[in-house]
Structures are given as structure tokens and as C-alpha cells.
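The two chains are supplied separately, each in an independent frame; assemble them into the complex guided by the hints.
As you go down the protein sequences, you meet chains A and B in turn. At position 104 of the first sequence (counting the first as 1) the number is 104 in the working numbering, and the numbers step up by one without a gap. So the mapping is simple: the working numbering equals the position in the second sequence, first residue as 1, plus 556.
There could be a bad hint or two in this list.
What the hints assert, rightly or not - To list a few chain B residues with every Cβ distance to chain A over 10 Å, as calculated:
#1 589
#2 597
#3 642
#4 647
#5 654
#6 715
Said to hold, decoys possible - From the derived model, a few chain B residues whose C-beta atoms are all more than 10 Å from chain A:
#7 576
#8 641
#9 708
Stated by the list, open to error - Using 27 Å as the maximum straight-line C-alpha spacing, the simulated DSSO-like pairs for lysine-lysine come out as follows:
#10 486/A - 503/A
#11 405/A - 647/B
#12 405/A - 637/B
#13 438/A - 592/B
#14 726/B - 449/A
#15 448/A - 647/B
#16 405/A - 448/A
#17 463/A - 475/A
#18 619/B - 438/A
#19 449/A - 637/B
#20 249/A - 24/A
#21 463/A - 619/B
#22 448/A - 592/B
#23 448/A - 724/B
#24 726/B - 438/A
#25 405/A - 619/B
#26 405/A - 724/B
#27 249/A - 161/A
#28 206/A - 249/A
#29 686/B - 461/A
#30 637/B - 448/A
#31 686/B - 726/B
#32 448/A - 463/A
#33 686/B - 472/A
#34 486/A - 472/A
#35 686/B - 469/A
#36 461/A - 619/B
#37 592/B - 463/A
#38 592/B - 449/A
#39 726/B - 405/A
#40 448/A - 619/B
The set of hints was computed from the structure by calculation and includes no laboratory data. C-beta: ideal position from N, C-alpha, C; glycine also.
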Amino acid sequence: MMSKLKSDRPLYRFNGGVHPPGYKEQSTREPIAIAPLPQRLIVPLHQSIGGTPRPLVKPGDRVLKGQLIGAADGWISSTVHAPTSGIVRDIALHVQPHPSGLSALSVLIDVDGKEEWSERNPPDYASLTPDDIRRLIQQAGIVGLGGAVFPTHGKLTPSAKFPMEDLVINGGECEPYMTCDDMIMRERAEGIVRGAAIFRDLMQPKRVMIAIEDNKPEAIAAMRAAVQAVGEPFEVVPVPTLYPAGCAKQLIRVLTGKEVPVSRRSTDLGAQCFNVATAYSAWRAVCFGEPMISRVVTLTGNVGRAHNVEALFGTPIEELIALAEPKPDTDGILVGGPMMGFLAPDTAAPIVKSTNCLIAHSPDLFPPRAPEMPCIRCGECARVCPQDLQPYELYRFARARNFGKAQEYHLFDCIECGSCAYVCSSHIPLVHYFLFAKSEIWAREREKKAADQARDRFQAKQKREEREKAEKAEKLAKAAAAQAAKKAAEAANLGALDPEAAKKAAIAAAQERAQAQRAAAQPKNTEALTAGQQQEIAEIDARRAQAGVDHPESSS
Amino acid sequence: MLAAIAIMALIAVFLGAVLGYASIRFKVEGDPLVDKIDALLPQTQCGQCGYPGCRPYAEAIAKGEADINLCPPGGEEGVAKLADLLGREAKPLDAEERPPQVARIDENICIGCTLCIQACPVDAIVGAAKQMHTVVASVCTGCELCLPSCPVECISMQPIPESIDTWKWKYPVVQLQEATRKAA
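Next comes chain B alone, as it looks inside the complex (with noise of 0.2 Å):
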């Protein structure tokens, strides 16, 4: 009897030690499910979602504080794959969706002032004090975070033109108007 309760107890202690060194060995830094929904965001770091960011976002919504929908760049997909992620119903989008969109500056009426760098998330605007400013278009997120910094208002959001490189062709839709006039 005693030799049996003394057995259990040393495998006890014993496995009770394996699994203590196990959660220190193994710790796992930060917080997996954080970087995951962070991939799947879009990264223009515009704000829209009312979070500093979209790291903060992804966050925000690992502890269960924020909704999935509230990301306009990331649009309907977005939702949809952040709902396949979480394993949560897939929203309505909580604004409307952007099409996708490049920062200009008119660089006649810009004064060097250099705001928008400071303000521009990704350092897609290059100038100097008292120099003409003009944003990098092939890292410009299209954000607006620099609008509301220009105190002159030269700068204007462009919407990005389909090119023959971006063209996707689309969906084949099944000529159901043709089908009924034959069969008619």
C-alpha cells in the first residue's frame, strides 16, 4: 500500500518536473494567432479599423476586443478569411469598401513643409525642409494619413488605373439569356 502511493507520488513529481521544464523550454514568444490574422491583413497602416495600426488591430482582435469587419482596404475577402481563420461568422464589411488607391502630391502647391513624411506610416514620401515633397507611388498603401497633415492641401488620392500587368481576367458567367432563346 505505502510503496504504491509512494510510486505514484515520484511519478507524479517526476512528470510534474518534465512538464514545468517543458513550458519553459518550449515557450512560445508572443502570441502565434496575433501574427497570423497580422498576415492576413493588408498593411496599409491606415487607421480606418479606429486602431494605430494594423498590427494593434490583429491584437485587438486575438483578445476578442475588436470585430472582424472593421478593415475597409482588406474589403469583403478580408473578412471572409479572417472568419475562416478565427472560425467566426463572416460579416457584412462595417464601412464601405476602397477601391485601390495612390497618394498624389501637386508639387505646385506644395511648400516643403515636411508633415506628410512624418505622418506617411511606410516613408513612401521623400523631400526635404523647404523642397518639393512627392510619394514613392510603388509604396504608397493609399492610407490618407497624409491628408489630413498637409496644411495647404496639395495632396489628392488617385485611383490606381487597371494596367494589362494587374488585368484579371474575370469570372466566366454561364450565357443563360442564350440558353432560353434557344430552347424557346
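This is chain A alone, in the form it adopts within the complex (with noise of 0.2 Å):
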């Protein structure tokens, strides 16, 4: 078994990491269950990076299950489907799972519990470009289910200047407590395997590794039958157990050796990386035209039951966590890992694309912090650091306001995975400093770009508004010219005679042209008439002229 578990492939590391206990077991002795429907379901719009998606229904309208509910706003943007068949009550602000405890516009669906689905046309997998499958992938809202929900088909375009290696299937799940994935991997091997192999089609990749910790044997079994039962040169790699390992740079160093450089994508090194739920859900959205509508989470904690279910987006946390049973003594539900997640403000808010995993807190399971002592600068920070940080530095910068130079020492570098404050001595919140420091900077950025903006508009409106006098000056000038020009050449004529028959003359002449106005000037009505028409008007003034009125135009 043990030898099973070794790779063929000689692997690298990663510096530091951190081996926190499992918890894995307790949610995984049940297969994955599919959640009963609720009655209502919170469906964000937001739910991925990029652009927020434009809402395409109106309360009142029935949708139908994987209806399109809100539209990409440019390339990197995904999609949201209606999750099930139902009327939309509502699109209205509804709290999100987010820290902040803050509302984002939500579509708001009452469940009519029917599970009517909107027409589904797969299409021939064949006769699809690599164009069209990416299209297909982002109308189908497909985006990375490992957290960082970033729009996957933004990432299936291999770099045009570098050769696509390595396609890394992403199976690490290296948090502890969450099993979503490794339960995919039991029960949904072939179809991760068929997905990794669109994404193949797509990149061009001289290798396709699936890789995955040595702490899920039954998931690496189950991913190397499919491998051989679909008949595609994958090769599955065991990969040892080390938090965080499961992170996209983290897992390629380990595999390729290979490390990405600040603030460049993997893709121009060669690599690119997917999780298993992503291409399961790319599989299914390509081969059958099912949008992404659900994902698997992990409900576990302090709970009875622990295990695994398929949930709709828009199912509250707080209905989903029942599922498992919580303990009496449960006193809130942490979203995401203990390593990387965080405790749900509050509990109506709906699971998203990104929540993988609900963990019912205690106080027993999580006992409360130790208060933050000092930093002593031991350094154990830096040496689990994985992306080779010196966190002990960032926090004093953090700490002291002093942006900048937390910048200096590549604060944006820093993945907030957590193994820094995972063996603080000092039981300092490390990774909270560091997100405070990057929500300033990133405040700060905006502010900056929003004062450019101002300057620059406030900068053209003065231009215009000096050359919008500058010509009318001129024009007023112009105008000014022209008459004094006809003042002087009227002179000249008249200059001759006396002011006072100059004046006369004026009189006259003035008189002239309205009299050749007036005879310009004719009735508009009477051109152009018919032979009938003109009969007729002959007719009426011979009436006239016969009961003694004047012609009214020779009246004047």
C-alpha cells in the first residue's frame, strides 16, 4: 500500500508549510449526499472575480432550473444560473458570506420545488473550436471551485509566448476538516478525468498530472482506475501531506520544480492549475449543458453527522449546517478551513461558488485565542513561510501603518494561508494584520485613481470652458469688424452729401426693401393648385367683386 503511495516522479518542496491535524476522517465514512431543496434560495450575483454580473430577470418572473439569471460583464466575468425552478421574489441587497457581514445584490427565488430544467442542448464535443468552449465555459458559469473562484475559462488561454508543460489537476486539499474534494475524487473520478481532458484539449500540455496528498489513499486508487478506465495518459501523483501544499504555486513547485515569480501567472512558466471540482464541473457543463448550479460541501465541526453534501448556490448556511446536526454547544459556523476561513457573521447569508466547506465552531474544538503577546522576533514565521516572506517584518510594518514599506518587503506576495499565525508564539494574528494592510493599500489605490480622474476632468473642463471663450470672443470681434467695415463703406458713399440727406437716403432705402418684402412675400397656400382648385377661387371672387369686397390682396 505504502509503496502505492510514492510518486514515480521525483518531486520538489516548497519551503516551510506546516502540519496541522486532519479532522478529515469523521466526513468522509458517508458518500456524498445531495441536500433536499429549501424553500428559498439567496442567489448572489457576485460570486466569482471579475466584473459583477448584470441581472437578466425581474421579480415575478418564473425561472427555470439552470435559467441564466445574470450575465458576464466583459471576459474576466462569470455567469450565475437559477440553482432550481421557481419565481424570482426579489433582487435586492441580502448579506453575504464575507467577513465584513456586508449585503451585495442578490436574486431572491421562492422554490416551486418542480426541478424544471431550462432547455439543456449539449453540444457535438467534436465540432467545438477552442473558442467555443471557452465561451461555453463562461456562459455556464463555471469558475475555480478551490476558493479563489476565478473565472476558469480566463484561464484556458495557454500564453502565446511560452509552451504549455504541465496541466496540474488539483486534488491537494491540504486544509484540515474539508473532504468536498476528496469525496469527488472517490465518487466522481471519471468525470474529473473527462474534464481534465477538455482542459487538455484546450492547452496543449506535453504532461496532465493529478495530484493529490498522500493522506486521501482511496481517493488516488479511485483516480488512477478512472485514469485507466477513460484511457488517458494522466498520470495521478501522490504528493506528501504539508499545509499548504493544495495551493496552486505551492503544488506546482512541489510537482515541476518550477516557481512563479511575483506577480506573473503560472501560465507563463508552462503550468497551469485546476481544481478536481472545476474540471468535474467543466465535464458536465461541456458533455451535458449544465451550467454550474451546485457544488459539493463539507458540513462538519462540532456536529453529529459530518459529511458531505451537494448543495445549491443560495442555500442558507444556516439550513445546510442543520443537515449535520449541530451540537448544542455550537456557537457559530466558520466558512472555509480553520486555516484560511473565517466565522460567518451571520448565518442567513447563502453558500456561493466559493464556500466549500462549513465548520460548526465550539469552543471546545476552536478554544479562543491566547491574547497577542509581543513579537519576539524568534523567526519561526519565516521558516514555515511558503512563499519565503518574513512575516515577523510585514507585521511590524502592518502594524505601524507603514504601507510602503510592507509593500517593500512583498506584502502582495503574501497568500494568507495562515501557517505563520498557525505557530506564532506570540499568538499573534498575523494574517489578520496582513489583510488589514492590504485592504488599505488597495483603499488607498483607489482614492489615488479616483483624485487622478478628478484632476484630469476638472484639468479639460477649464480648457474647454477658456476655449470655448476664446471663441467667442473671436467671433465677437469678427462681428464687430464686419459692421464697422459696413459703417465705413456706407460712409464713403454717402460721405459726399450732408449727414442729414445721408439719413434721408437711409430712410429710404429702408423703405424700399420692406416694400420689396412685402411684395415678395406671397399667400403660401395658393401655389401650385389644381385646375379644380383655381376654378374655385376664380369663382369666389367673382362673388366678391360682385357683392362690392375688395380683393383682400389688392386691398393692401
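Here's what the structure looks like:
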């Protein structure tokens, strides 16, 4: 058994990493269950990185399962679909599964329980061009299910400059408690392999590796069997269990030895990484026309029945965790894993595409953090940092609000994995400090951008006003000059006569002009008359003459 | 003796010529300090500092005519940044700090007089004569200059609520209470 868990290919190491206890067995005892339909779904429009999808439905509309309800806003943006059939009750702000506890625009759907699908036209895969497939994947709302929710179609274009070498299918799942990827690999291995084949067709890599941490022997066996059954030349690679080996950058490092540098994408190094659940969803979308409307969520922690469920997006957290029968001393719900997750500020929030795990929180399971002590600069955090950063320096600068310096120490390379805070002997919530510094820097950048825009617009307005003023002045000057020239000419004409005569001449000229104008003016409706109308006029005129009435024209 | 004086004089003339040339060749247009100060100001162009726009205020600061604590939209942080740049002592803001806001036109009341369009320093109001006007919220700086121009008082300022995209992580607070409770 152990020899099967060893990889044939040479593996590399990333710096640091930690070994938190796994707690994964409890939620892998049952197969993936299907969550019952909730009464009401809250489907947030913005569930992925990129632009916010535009709502396509109105309150009162009936929607079908899989119907598009949010259209992509730009290329790096994904779509949102109705998870089941029902009536749109409202499009309103609703609390989100986000550490802020703030609300965002969501489509509220009253579920009718009929599960009526909208049209699914599975396309003929062989006839699709790569661009068609990318568009199809965007239209199906496929985003990375590993937690970062980056729109998948945006990652499926190979770099023009660098040949694609390694396609990594990520079954690492290094967070404690989480088993959704493990279970999906055990139960839906064939779908994952077929999804990986779609990615392979698009990216044309030299190798496809399915990487799985070696604490999941069942998943490794299932994936190996599926690869053989489908007959793809994919390699299932067991990797040593070490948190955070499931992060894309670390996994690529372990498999290929390539280090993704600052602010570069892994495609520039010829490597790309997709989560196993993403591959499965892509297969369902491309070969069955099913958009992404549900995902597997691990329900675990302080519960009586830890297991995985396939849940529709928009299911409220409280309804979903109730399926796992939380124990009475549960005092909160952790969204995500214990290392990178956060306590849900409001359990009425729905689960979204990024929600991979719900953990019932209890003081026994997660004892309150010991009070923060001063940093003694022991350097333990730097030893475990998988990104080769110096968290103690970052902490020093973030704490002092010295954000420029924090950026110099590569704050934005931090992947917020929490390894540093996990080992900190002074119990400093290091990641919290880094998140604080990052969001402050982003806010400043937004302000700077807004100020630059306002400055440009203000200057543009000033320039325009000056130009308009100049144009007006020029026009006035021209008119004045013309007037002066005319006067001069008239004066030259009449210069010989005395001013009294000139005035008289001017009056006479004006009278003449008026006369000419009057003569030129004709009744407008008496032109182009038919013979009949002409005759009628003649008759009327004759009657008028008889009656002794003057012709209106001759009277004036 | 004469030769030495001549050499010194020649060197002086030569260096003087070099300096004279350099002052023409490398002449700095405008005042770079004004640009630096202007870059720190929030560019709302609101005139609350008493100067007609951010740049005139920056010029006044550079000349030493204006104090650095007159910009309410910049807030205390803006004062601190200016103090940092100019090497002056930071002072408390000489006005109330103002949360971000955006102008909103009540379209039922607007008579389409175009006065607010002329008043807006950043062209954030669109509309035409006798047509309804509206504010382009994404470019509005919330300067309030349109408020006095409206003859029917249909413009109001709305605070911009925090959204998930603009939400900031709070500074981690050391839990002193818990620590003392443990110790007790």
C-alpha cells in the first residue's frame, strides 16, 4: 500500500509549511448526499473574481433550473444561473458569506419544488473550436472551485510566448476538516478525468498530472482506476501531505520545481492548475449542457453527522449546517477551513461558488486564541512561510501602518495561508494584520485613482471653458469688425452728402427694402393649385366682386 | 603673479559660462513642489479651503500663504501626508472631516436649468436645457458645489455606503479585557 502512495516522478519541496491535524476521517464515512431543496434561495450575482454580472430577470419572473439570471460583464467575469425552478421574489441586497457581514445584490427565488430544467443542449464536442469551448465554459458560469473562484475560461488560454508544459489537476485539499474534493474524487473520478481531458484539449500541455495529497489513499486509487478506464495518459501523483501543498503555486512547485515569480501567472512558466471539482463541473457543462448551479460542501466540526452534501448555490448556511445536526454548544459557523476560513457574521447568508466547507464552531473544538503578546522575532513564521516571506517584518510594518515598507517586503505575495499565525509563539493574528494592510493599500489606490480622474476631468473642463471663451471673443471681434467695415463703406458712399440727406437716404432705402419684402411675400397656400381649385378661387373672387368686397390682396 | 590672476579669471569666466548655460538648459518649468502637493490633495475641487480648486490651494501652500490643515475631504490623513512632505508639524484639521458622499438629483423636481452642469468642476452632471439632469455617480467627487446653484433645491448629498468591494479589514485590536480576565 505504501509503495503505491509513492510518486514515480521526482518531487520538489517548497519552503516551510505546517502539519496541522487533519480531522478529515469524520466527514468521509458517508457518501456525498444531495441536500434537500430549501424553501428559498438567495443567489448573489457577484460570486467570482471579475466584473459583477448584470441581472437578467425581474421580480415575479418564473425561472427554470439552469436558466441564466446574471450575464457576464466583460471577459474576466462569470455568469450566474438559477439553481432550481421557481419564482423570482426580488432582486435585493442580502447578507453575504463574507467576513464583513455586508450585503450585496442577490436574486431571491421562491422554490417551487418542481426542479424543471431549462433547455439543455449538449453540444457536439468534436465540432467545437477552442474558442467555442471557452465561451461555453464562461456561459456555464464555471469558476475555480478551490476557493479563489477565478473564472475558469480566463485560465484556459495558453500563453503565446511560453509552450504549455504541465497541466495540474489539483486534488491536494490541504486544509484540515475539508473533504469535499476527496469525496468527489472517490465518487466522480471519471468525470474529473474527462473534464481534465477538455482542459488538456484546450491547453495542449506536454503532461497532465493529477496531484493528490498522500493522506487520501482512496481518492488516489479511484483516480488511478478512472484514468485507466478512460484511457488517458494522465499521471496520478501522490504528493506529501504538508499544508499548504494544495495552493496552486506550492503545488506547481512540488510537481515541477518551478517557482511562480511575483506578479506573474503560472501560464508564463508553462504550467496551469485547476481544482478537481472545477474539472468535473467543466465536463458537466461541456458534455451535458449543465451550468454550475451546485457544489459539494463539507459539513463538519462540532456536529453529530459530519458528511458532504451536494448543495445548490443560494442555500442559507443555517439550513445546510442543520443537515449535519450541530451539537447544542455550537456557537458559530466557520466558512472555509480552520486555517483560511472566517466565522460567518450572519448564518442567513447563502452558500456561494467559493463555499467549500462549513464547520460548526465550538469553544471546545476551537479554544479562544490566547491573548496577543509582543513579537519576540523568533523567526518561526519565516521558517514556515511557503512564499519565502518574512512575516515578522511584514507584521512590524503593517502594525505601524507603514504600508510602503510592507509592500517593499512583498506583502502582496502573501497567500494568506495562515501558517505563520499557526506557529506564532506570541499568538499574533498575523494574517489579520496582513489583510488589514492589504485592504488599506487597495483603498488608497482607489482613492488615488479617483483623485487622478477628478484632476483630469477638472483640467479638461478648464481647458474647454477657456477655448469656448476664446472662440466667443473671436466671433464677437469678427462681427464687430464686419459692422465697422459696413459702416465705413456706407460713410464712403454718402460721404459727399450732408448727414441729414444721408439719414433720409437711409430711411428711403429701408422703406424700399420693406416694400420689396412685402411684394415678395405671397400667400403660401395658393401656389401649385389644381385646375379645379383655381376655378373655385376664380368663382369666389367673382362672387366677391359682385358683392362689392375687395380682393384681400388688392386691398393692402 | 599676473599669469596666476589671469588663470583664475579664466577659470572663473569658464565656470560662470557653464553655470549660465546650465541654468538655461536645465531650467525647471513650473514649481515641482506644487505638483507634489497637488498629488496629495484629493482633487474634489470643492473650494472648502478657500481657494478655487486643489491646484490653487497647492500653490498657496507652496508659497507658504496657506496652512496645510484646510482640506476637509483629505482628512487628518491628508494633513499628515502634507506635513510629511513639507517637513512641517501636523496640525488638527481646521474643519470637520467629511465622509465620502455623492450628489443626487431628485428627478421629479429638476426643471432642467443647466446651472448645476455649469457649476460642476468635473463634468459629472449630464443633461440639457429643459431636459432632466442626472449625476454620473462614478465621477462625482461630492464637492457640494452644485448645491447652491440649484434654484429648486433638488440636489442632495448621499453618503456612499460601504460595500463588499470597498470594505476594509479593521486594525487588529489587542484583547486587553480577555487578557486581564485570564490573569485574574
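Hints and how they fare:
no.	hint	in the structure
1	589	17 Å, holds
2	597	7 Å, violated
3	642	18 Å, holds
4	647	19 Å, holds
5	654	14 Å, holds
6	715	15 Å, holds
7	576	35 Å, holds
8	641	14 Å, holds
9	708	24 Å, holds
10	486/A - 503/A	15 Å, holds
11	405/A - 647/B	25 Å, holds
12	405/A - 637/B	16 Å, holds
13	438/A - 592/B	25 Å, holds
14	726/B - 449/A	22 Å, holds
15	448/A - 647/B	23 Å, holds
16	405/A - 448/A	18 Å, holds
17	463/A - 475/A	18 Å, holds
18	619/B - 438/A	36 Å, violated
19	449/A - 637/B	17 Å, holds
20	249/A - 24/A	23 Å, holds
21	463/A - 619/B	25 Å, holds
22	448/A - 592/B	13 Å, holds
23	448/A - 724/B	16 Å, holds
24	726/B - 438/A	11 Å, holds
25	405/A - 619/B	31 Å, violated
26	405/A - 724/B	19 Å, holds
27	249/A - 161/A	20 Å, holds
28	206/A - 249/A	19 Å, holds
29	686/B - 461/A	22 Å, holds
30	637/B - 448/A	13 Å, holds
31	686/B - 726/B	47 Å, violated
32	448/A - 463/A	22 Å, holds
33	686/B - 472/A	24 Å, holds
34	486/A - 472/A	21 Å, holds
35	686/B - 469/A	24 Å, holds
36	461/A - 619/B	26 Å, holds
37	592/B - 463/A	22 Å, holds
38	592/B - 449/A	16 Å, holds
39	726/B - 405/A	19 Å, holds
40	448/A - 619/B	24 Å, holds
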